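Enquirer: Spelled out, the chains give:
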Amino acid sequence: MASQPLKCPMTKQQILDEHFIENRTRLLDIAAFLDRLDRTGRDGGEADFRAEVFSEAIALLWRPSPSRVKTIQMIFSDPTTAPLALLDQKSARGAYDRDRREAP
Amino acid sequence: MQYIDLHAHMTSRTTDDYYQMALTGCVALTDPAFWPGFDRISADGFEDYFHHLTDFEPKRAARYGIQHYTWLCMNPKEADNRKLSKEVIARLPKYLDRPNVIGIGEIGLNRVTRNELETFKDQIDLAVRFQKMVLIHTPHLEDKYKGTRLIVETLVKDGRIRPEQILIDHAEEHTIDMIIENGFWAGITLYPQTKVSPQRAIDILETVGPDRICVSSACDWGPSLPAAIPQFAMEMRRRRYADETIHKIIYENPATFLAQSSKFRMKPPPSRRLTAPGAGRNGSGKKL
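Protein chains in written order, with the working numbering: chain Z, 8 to 111; chain L, 108 to 395.
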């Protein structure tokens, strides 16, 4: 059913030449975000499931995988299959809380 | 370069946005009914909104040479309220014949509750009974995978729908395969924070292929970009794609999908028309 994937017209060298700087900046933004969490954590912040999942996702960046982005998407995703019995909140929070308890 | 934005909530945007979209090549858009940021207290509020989408917006868009189409429904964010949902769904049919109404949408799931799922099924039933195309919202962030899977399973199990007349929107890397493999169209929404960047959208096309996939801005009242599609086109140019490949994604694909509706006034390329006589599960192959 699926069509042929598009073939990226750029070489690996061209991708690095054009996109290295912007992704270097993104990497530094993430490093700064983690430093910021550490600094505020020293002031007595509580553990948060989102920070834990974020660290888990970062650790997976270098693990061999056919698709790092799919693997990380699934780390953030709710793996359950049954619909919620009751609406608990209006908006998603970005990561699944594995310790959450749902009303029956 | 001309483009069609398949998902733009123009009731939340200014006239200047129409102007900018027209300047950057937008020739048509579809504006799905959605959540205004608060829960409405009665079905009357929805009727006002449906009137806005079918009367005021097409006129406002036309002043900038943009064809405005819409999808009407009870949206997923308010769909957990079953009583209100039933009232809204009961009032929908009288709007479906209006000239710019393509079909039912954006229906779907938000937090993936039992009530949302029941409302979703009610609206699929409505689309089948009135032979309308459907635009489907999938949940965001951690709820996306579960919600998309449930939506696809529900549609496949229903057995009455024609997948080529349904676009499942807000697809991402971990959900697009199940959408495409089951014969549906997939939408990728280019949203600066919670959805997909132009770079990742192109990566998806390089993984899945360009057929039955549309990109859209999903611009609304949140942080979003009415000119997201031209930015996507620019990113494809940066990646050295030919203009004809870009044109296929931003114009031909949405035109081909929308041309299944008799309401859509633009012509897709002849080779890409989908409504061949006799095609389709409901036997007619005719335009909806």
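Hints may contain errors.
[Said to hold, decoys possible] Within a straight-line C-alpha distance of at most 35 Å, the following computed DSBU-like cross-link-like pairs (lysine-lysine) qualify:
hint, chain 1, residue 1, chain 2, residue 2
1, L, Lys190, Z, Lys97
2, L, Lys355, Z, Lys19
3, Z, Lys14, L, Lys201
4, Z, Lys14, L, Lys193
5, Z, Lys14, L, Lys166
6, L, Lys374, L, Lys394
7, Z, Lys97, L, Lys193
8, L, Lys166, Z, Lys97
9, Z, Lys77, L, Lys166
10, Z, Lys19, Z, Lys77
11, L, Lys355, Z, Lys77
12, L, Lys228, L, Lys190
13, L, Lys264, Z, Lys77
14, Z, Lys97, L, Lys374
15, L, Lys228, Z, Lys97
16, L, Lys201, L, Lys228
17, L, Lys264, L, Lys201
18, L, Lys355, L, Lys264
19, L, Lys355, L, Lys193
20, L, Lys264, L, Lys166
Treat the hints as calculated values from the structure; they're not laboratory data. What you are looking at is a predicted structure, and each value in this text was computed from that prediction instead of being measured.
Enquirer: Are any of the numbered hints broken by this structure? If so, which, sorted upward?
Expert: Hint check: 3, 4, 5, 9, 14, 19, 20 fail, others pass.
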